[in-house]
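Chain A is fixed; fit chain B onto it per the hints.
2 protein chains.
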Amino acid sequence: MTARAEALGVALRPHLKTAKSVAVAGLATAAGAKGITVSTLAEAAYFAGHGFRDILYAVGCAPAKLDDVAALDRRAGMTLLIDSVVAAEAVAAHPHAYRVLIEIDTGDHRCGIAPDSPELLAVARAVEASGRSRVAGVLTHAGHSYDARDAESMARIAEAERAGAVRAAEILRAAGFESPVVSVGSTPTATFARNLSGATEMRPGVYMFGDLFQAGIGTCRVEDIALSVLATVIGHRPAENAVVIDAGALALSKDRSTEAIAGGDLGYGVVCDLDGRPLPGVIVSRVSQEHGRVTSRDPLPFASLPIGARVRVLPNHACITAAAHDVYHVVAGGLSVESVWDRCRGW
Amino acid sequence: MTARAEALGVALRPHLKTAKSVAVAGLATAAGAKGITVSTLAEAAYFAGHGFRDILYAVGCAPAKLDDVAALDRRAGMTLLIDSVVAAEAVAAHPHAYRVLIEIDTGDHRCGIAPDSPELLAVARAVEASGRSRVAGVLTHAGHSYDARDAESMARIAEAERAGAVRAAEILRAAGFESPVVSVGSTPTATFARNLSGATEMRPGVYMFGDLFQAGIGTCRVEDIALSVLATVIGHRPAENAVVIDAGALALSKDRSTEAIAGGDLGYGVVCDLDGRPLPGVIVSRVSQEHGRVTSRDPLPFASLPIGARVRVLPNHACITAAAHDVYHVVAGGLSVESVWDRCRGW
Chain A
1 MTARAEALGV
11 ALRPHLKTAK
21 SVAVAGLATA
31 AGAKGITVST
41 LAEAAYFAGH
51 GFRDILYAVG
61 CAPAKLDDVA
71 ALDRRAGMTL
81 LIDSVVAAEA
91 VAAHPHAYRV
101 LIEIDTGDHR
111 CGIAPDSPEL
121 LAVARAVEAS
131 GRSRVAGVLT
141 HAGHSYDARD
151 AESMARIAEA
161 ERAGAVRAAE
171 ILRAAGFESP
181 VVSVGSTPTA
191 TFARNLSGAT
201 EMRPGVYMFG
211 DLFQAGIGTC
221 RVEDIALSVL
231 ATVIGHRPAE
241 NAVVIDAGAL
251 ALSKDRSTEA
261 IAGGDLGYGV
271 VCDLDGRPLP
281 GVIVSRVSQE
291 HGRVTSRDPL
301 PFASLPIGAR
311 VRVLPNHACI
321 TAAAHDVYHV
331 VAGGLSVESV
341 WDRCRGW
Chain B
1 MTARAEALGV
11 ALRPHLKTAK
21 SVAVAGLATA
31 AGAKGITVST
41 LAEAAYFAGH
51 GFRDILYAVG
61 CAPAKLDDVA
71 ALDRRAGMTL
81 LIDSVVAAEA
91 VAAHPHAYRV
101 LIEIDTGDHR
111 CGIAPDSPEL
121 LAVARAVEAS
131 GRSRVAGVLT
141 HAGHSYDARD
151 AESMARIAEA
161 ERAGAVRAAE
171 ILRAAGFESP
181 VVSVGSTPTA
191 TFARNLSGAT
201 EMRPGVYMFG
211 DLFQAGIGTC
221 RVEDIALSVL
231 ATVIGHRPAE
241 NAVVIDAGAL
251 ALSKDRSTEA
261 IAGGDLGYGV
271 VCDLDGRPLP
281 GVIVSRVSQE
291 HGRVTSRDPL
301 PFASLPIGAR
311 VRVLPNHACI
321 TAAAHDVYHV
331 VAGGLSVESV
341 WDRCRGW
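Line by line, the protein sequences give chains A and B. Numbering (this note's numbering) for the first sequence: 1 to 347. Numbering (this note's numbering) for the second sequence: 1 to 347.
All clues given are correct.
Heads up, the list lumps identical chains together, so a pair's fine if it works in one copy or across two of them.
With a cut-off of at most 25 Å between alpha-carbon atoms, the simulated SDA-like pairs for lysine to any residue come out as follows: (1) Lys34 x Gln289; (2) Lys34 x Asp68; (3) Lys34 x Trp347; (4) Lys34 x Glu170; (5) Lys254 x Ser285; (6) Lys254 x Gly346; (7) Lys34 x Ala226; (8) Lys34 x His96; (9) Lys254 x Thr232; (10) Lys34 x Arg343; (11) Lys254 x Ala226.
Just so you know, these hints were derived from the structure itself, not from any lab. From a predicted model like this one, the values you see are computed outputs, not experimental measurements.
Just chain A, with the same shape it has in the complex (with noise of 0.2 Å):
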């Protein structure tokens, strides 16, 4: 991702929300990168406290929060986000001078204000009203890009949320707002973007790891994923073709985010063998809290699935099943753990 950004022209600044570990953060950032990003402030003290500098604190802030972030600013310096009216004038009214980057809708329709909305340089200005807070520029998340299936799809979703970010910026500055940053930048953008001119920065986070679901969308290969859940086999089912795992929601999560690609349903995740390796077509299909339902639609190769077989499991979504975890264990294969990762958690 670093060779990535540079041939981009822009710099990295990679969101810690996957990975949320200073181990992760230390290999993301040691071909260099301008600053992290984290999307909660317990992520923001954590790195702050392993002496991690200019953290973009990347969800709309809530007003009873600024007392933290002050404190995080003064601590490790720190960029907040807005994008209404309302969070600009708690920013202006509070005695701390908070460096500000407007949130703009680039067409994920989650947060942000529209390039043209007249609202962009209401807030602007809201924001400068006291003279301490200073608008620092925009950022943009195209989440819709988790929508799209290829390529020319993504390509098209990167330059929508470069061209936005830009107008956004262009507008800030016509009107007198210096507004030196434009960020952008998910895994699938940031892999599928052509040009990213007028963008300073770009935040990708879950290609640290990877995961089935970015593996469905192309911007990793399965045997390219990071992260597994380690579970063992407790029972077998041969009449019904099933075999249980002592891994289930707490450990796996909920998420069903492959259930969104066309004949790319991979139930709770896909089963490999100790080494990692895919058990081709098994699935986790079910889970209760601690048990998983591991089926096939061929056979299930029970006589490599013994009761007490040590199995991984690959994961829908990086970023939900690695918070169920407070460590990761680093294997180069089989149960020989050469390093113990801490993570934080929490809001």
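What follows is chain B alone, placed relative to chain A:
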């Protein structure tokens, strides 16, 4: 639930997989309970460390966990569960003398042996082959009670659960296995069973909190739900009749169990005011990692949901949502925290 157990003539062994909290366990057992039920060895160790004794680990025990179960048994008294000859042989080969329940399938087909299967006695013989471990009885979980939608259906499933477990115990006893324990029960069957004769204990769990799914199938009322996720309004999208909150997939979970209730799909949860009163028809209809999109078929009450407003979200499935959080903040209303209750997690 204590009164239900007394009325039905069985002991209550509350399942603590939902709450995973010593404080909640104290309430659940205050009126008398015969030990507790857990779903992981992490829970067993946590409750043992807080003085709880007579712990039933109600998920099929993988052979590799037997050492840990033995250590917990010496410390707090443990009963384990199996449903295969392979697992029974591992138990018998271990130097520790275990108390073993055999899991019976009474219609859920998740785990367990059919009462009339010859495998039942094969497993019992294998458990006791070395003369150390003993068959303490049978356990069943009618998880398919979650598919029932009325009291009559749930009572019928409860009767099948009871009859199947009692039948299995009778077969074991006739073959010379003492098998004193006949353990049944989910919250739905515990709530709607009319007769549990022959059963000795029941293991409901989610009744301690309730959730939208349980309200949907009639085991509690919405106003009984004791668990909610506190969130803050961070965005308004009036053109889309939507509000954005800072609680998404990680805080609420991706559980969609109310989708299975005809006419009762509540998205990712019901939005309430700060005191927990539901806003009629207002639900979280979409989530990403840290964002929830709040919508309604009717015009949203934007004036009651200003940016910065606190709301509470009732969960579809308490077991899964609670697992996303490290502690419970106990409130009588509003934001005034009366207690903080810890909980355990992991495996």
